[in-house]
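As given, the protein sequences belong to chains A and B, one line each in that order.
For the first sequence, the positions run 1 to 412 when the numbering used here is used.
For the second sequence, the positions run 1001 to 1191 when the numbering used here is used.
Keep in mind that a hint or two might mislead.
To be verified - Computed beta-carbon distance windows for the label pairs:
(1) Gly26(A) - Ile1075(B): 40 to 46 Å
(2) Pro1148(B) - Lys300(A): 41 to 47 Å
(3) Thr249(A) - Arg1025(B): 35 to 41 Å
(4) Lys179(A) - Lys1106(B): 55 to 61 Å
(5) Lys53(A) - Gly1142(B): 26 to 32 Å
(6) Lys308(A) - Lys1106(B): 26 to 32 Å
(7) Asp187(A) - Lys1047(B): 55 to 61 Å
(8) Asp34(A) - Gly1142(B): 17 to 23 Å
(9) Asn1011(B) - Glu242(A): 33 to 39 Å
Claimed, not checked - To be clear about the criterion: a stretch of chain A counts as covered by chain B if any three or more of its residues have a C-beta under 8 Å from a C-beta of chain B, and this derived list gives those stretches:
(10) 48-62
(11) 89-98
(12) 213-225
(13) 228-236
(14) 321-330
(15) 348-355
To be clear, the hints were calculated from the coordinates, so they are not data collected in a lab.
Quantities reported herein were computed from a predicted structural model and do not represent experimental measurements.
C-beta atoms are modelled at their ideal positions from N, C-alpha and C, and glycine is treated no differently.
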Amino acid sequence: MSETKYFVPVGPIHPAFKEPFKFTFGIEGEKIVDVDLQMGENHRGMEWMAMKKRNPIQVIYLAERICGICSASHPFAFTRAVEDAMNLEVPLRAQYIRVIIAELERIHSHILWAGVGAHEIGFDTLLHLTWLLREKVMDILEMLTGNRVNYGIWQIGGVRRDITKEKITSVKRVLDEYKEKFNKVYDLFLRDKTIAMRTVDVGVMTYRQALELCAVGPTTRASGVPKDIRVDMPYEGYVDLEIEPVLPTMVRDETHGDVYDRVIVRVLEIAQSIDIIEQTFDILLDTPEGDILAEKNIAKLLNVMLKKADGEGVGRHEAPRGEVYHYVRLEEGKTEIETWKARAPTFNNVYTWVPQMLGNEIADIPIITAAIDPCIACMDRVTVVDETKNSQILTKEDMHRMSIEKTRRLRI
Amino acid sequence: MKAVKQEDVLNTLKDTLKDNFIDGRIKDSSPAGKNRVMLRNVWMKIKKESIRQAVKKLAELQEYPHISVISNDDIGDNIILNYHLTMNYAIRHREFIITIKTEIPKSDMHIDTITDIIPGAELTEREKQEMLGIIVDGIPDGRRAFMPRTYPEGYYPLRKDKENVEKLSSMVRELYVEDRAHLPWKKEAKK
Chain A
1 MSETKYFVPV GPIHPAFKEP FKFTFGIEGE KIVDVDLQMG ENHRGMEWMA MKKRNPIQVI
61 YLAERICGIC SASHPFAFTR AVEDAMNLEV PLRAQYIRVI IAELERIHSH ILWAGVGAHE
121 IGFDTLLHLT WLLREKVMDI LEMLTGNRVN YGIWQIGGVR RDITKEKITS VKRVLDEYKE
181 KFNKVYDLFL RDKTIAMRTV DVGVMTYRQA LELCAVGPTT RASGVPKDIR VDMPYEGYVD
241 LEIEPVLPTM VRDETHGDVY DRVIVRVLEI AQSIDIIEQT FDILLDTPEG DILAEKNIAK
301 LLNVMLKKAD GEGVGRHEAP RGEVYHYVRL EEGKTEIETW KARAPTFNNV YTWVPQMLGN
361 EIADIPIITA AIDPCIACMD RVTVVDETKN SQILTKEDMH RMSIEKTRRL RI
Chain B
1001 MKAVKQEDVL NTLKDTLKDN FIDGRIKDSS PAGKNRVMLR NVWMKIKKES IRQAVKKLAE
1061 LQEYPHISVI SNDDIGDNII LNYHLTMNYA IRHREFIITI KTEIPKSDMH IDTITDIIPG
1121 AELTEREKQE MLGIIVDGIP DGRRAFMPRT YPEGYYPLRK DKENVEKLSS MVRELYVEDR
1181 AHLPWKKEAK K
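Isolated chain B, as found in the complex (with noise of 0.2 Å):
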């Protein structure tokens, strides 16, 4: 496998996205070892529009980039997702990370998948469905994955707004009381 250059991701996506490209950075980290080695990784934000097209284009450079997750942030009125990804694997010395930052209005809560060119990300975009409330359009599986079937609809854990969690801690509570009515020690309780 042919390795693949910091600057040359960051440029081609560049090139490819155009408008749809905001911002992109090449982060040093701090200094490991005798030598002071640094590991150079790559951070970028796109429109939300385009995050298949970058992924695609990632694939050319390197068939199957590894994802190693997607991380959430709810930033008020919006949810970044961050799309941590890695190249150069399995190359010695050579590997690093892309994160591609996307902004999610919540009132257009929609994403396409990655899945058909990744499909290891299954899982993390099940996850940010069910935990965030994000639609990801065109996933093979998006039913629940860590949520229980029981949970209500339209409660999102990760959320940081005031109100979703207000609702969600009343709403546990009562969830406690409802599932737990069959349970003997509750049943004596009730009495």
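Next up, chain A with everything else stripped away, as it sits in the complex (with noise of 0.2 Å):
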């Protein structure tokens, strides 16, 4: 053990994310013994460009810029804080579209975290995989919403797009070859060896310490607290679903908390989305054709009814990475909004990076990072620097390069 302490950064451009961040870690030998964070290096200041500037309306398409992943969630929590502060309710046929399009969302998401995390630890075979099997939910959120990402669909009141009995049939069409595939994806994550042996009691956090730092989505289930807003708070078409919070001891005998809980929860996950869209679509088939929008013509909407409307409200929805939360205050005779605040889920996250860094080694700094479901692509540099001065410059490749190297060290 080296008696020196190395402080070693990470970071900080961070290209897709609302809180880019930087890390600087302690380190002694190969322990990481002191985590700091720091954020805000590409903050685009969001709130300020809607606040007095933008009415609600045009505020939809600014959320969903929020980030690329989360486009289905940013707006489906902005549009209820606007619907609370109105008093506005939304017919029933679109909240039930209003879900399918969250669940799907949800599916690439986790699917596309399941790669990246095959990426971190050298899995490469299995992130192609994942990602070629991606590309098919991101064709069925096309054919339904005209956008891949983005998807233009969300509407104060409603939504803009219907879904037909046609295009609910070739939707099911895919998700049973899903269903399929699950099989394997679930072997590939759960079953395998160099997984295990590279996530099992790595990046810990426990239940307590998911209590106090108010973890939110997969991460603080992965560590036995059950938060899901979808089972604690039902909203929209969530209420008249059968959803259960997963949790790892659906597969292990115990919670550890760590990363392997997290793949669990992400993996089944995969599962329940797929389950939920399939009891919409029976209650939505059942549901008859008709309104999708509380108001049709958007000039009464804006010039109207949001002029009148004077109040305050909040949004929550439960996004893949866990709970957005949107707050809205509208004033009389404007139709521009007077405050918005938007809080990303890993606002709250962040700082459970602390606890999770703490006591693991440098080469397991990318996949704790990614467990948290974060964009990763803030590991662009690493410096390491010296008590006597002299550093030298680590790029990300030179990281994944280490871990990758650790992940056959322990194949040996």
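Each chain sits in its own coordinate frame; assemble them with the hints.
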């Protein structure tokens, strides 16, 4: 064990994420003994862009662009906040369509995450397999909404496109395919020796730490806290569905709160989402065709209803990464929103990196970082500085290589 | 975990805070689903001195109330902070949101921290400090979280007062010129 403590900064540039961050690790030998987080290198000031300048319909499209992967979750929470402020009721059919799009997004997001996680430990064949699988759900989303990302289907008081019977049939066909392939994905992730070696008892967060830090989404469920807004506080179409929060104990005997548990939760949630979509389709087929918007005339919605609205509202949604929270205040006589607060799930989850990282090795940094499902492109460079001021730059490729070497070492 | 009722939360806080409790109500959301289920959320307004007392009381009702975020609203002479907490999480169909409103005058921008009761509130408190110039007393880590360290003191991006905004825009321009001066294309432009 070395007696010198080195500091390893990781980051900070992070192109696709609301809160880009920089880590500074205190290292003793290979062991992480100190973690410091710095965020905001790429803060875009989106709340400022919207406040007093844009009307709620314009903000929907801005909210979609907060995150390229959560592009259904932010508008979902935002429209719910505006509807709460206006006391607007969403037509039943639109409520179910919202659930379907949100769950399709969860499938593609979790598959994407699974691929990234595999890549971080040097299992690139699995990355290619999962991302190939993800293409199909992107195609469905394109068929239903017109876009692969930034769906543009949300509207205040409903959705912009209906899902017809013919579309349901073709989506069901793809879902059947997914169900067949799910067993393979399950085997590859949860019965594989390499993945178990690199993830079991790595990046542990206990039940108590998860409660203290108010962690959200799969990150908190992997520590055994059954927090899931779809179950605890159901909204829109989720009210009529049978959902149970996914916990690691469904596969393992006990909860460890490690990276492996986060893999379990996300993999099982893919199957859960498929089930939710099928349940929703059954209800949707029974629901008579009709309105998908509370107010079809957008000019009336904007100039009469939103202008009259006076009040504040909150909207929550369980995004693939956890709870999305939006707060909106509208003022009478104005169409522009007065105040907007958008909070992405990672805002609550970043602090959970501190207990997860401590005591682990440098080579585990990539997989622990990826495990809470942020965008991990931030790790563009690492500088190792020692006390004699000699410095050496490690690129992301070097880190990745170290990670792969650790996998190889463990296999021998 | 035992579920808490909305009315109980409101009454308990009213009894505990006494004069510092200004207003409270339960708001129904728009109906959802076939059976037209409504969510019932609690909204209340209290004086800023008793925010710690209020959160402590909630923590007695349920261990570690979940804090979603603290949202902010500049209304001229005062800044409103909304503490968005939730109770009864992890209990099927029973969770609800509690929004605690406090008003902070711009002349005295101090508020007590709640991080010793809910450690998860630290990041959002740090954000309030740098974005609005609120001083959170007793925060364990008061450094900037999102704003760059080169950003000058005394300017707050989420304030809506006109004076601040005008200063801000020209200041951003100056910053841009200063900070990018070392870039080669900028040097050429200067020549």
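We went through each hint and held it up to the structure:
no., hint, verdict
1, Gly26(A) - Ile1075(B): 40 to 46 Å, "holds, 43 Å"
2, Pro1148(B) - Lys300(A): 41 to 47 Å, "holds, 44 Å"
3, Thr249(A) - Arg1025(B): 35 to 41 Å, "holds, 40 Å"
4, Lys179(A) - Lys1106(B): 55 to 61 Å, "holds, 58 Å"
5, Lys53(A) - Gly1142(B): 26 to 32 Å, "holds, 31 Å"
6, Lys308(A) - Lys1106(B): 26 to 32 Å, "holds, 30 Å"
7, Asp187(A) - Lys1047(B): 55 to 61 Å, "holds, 59 Å"
8, Asp34(A) - Gly1142(B): 17 to 23 Å, "holds, 19 Å"
9, Asn1011(B) - Glu242(A): 33 to 39 Å, "holds, 34 Å"
10, 48-62, "holds (count 3)"
11, 89-98, "holds (count 4)"
12, 213-225, "holds (count 4)"
13, 228-236, "holds (count 7)"
14, 321-330, "holds (count 4)"
15, 348-355, "holds (count 3)"
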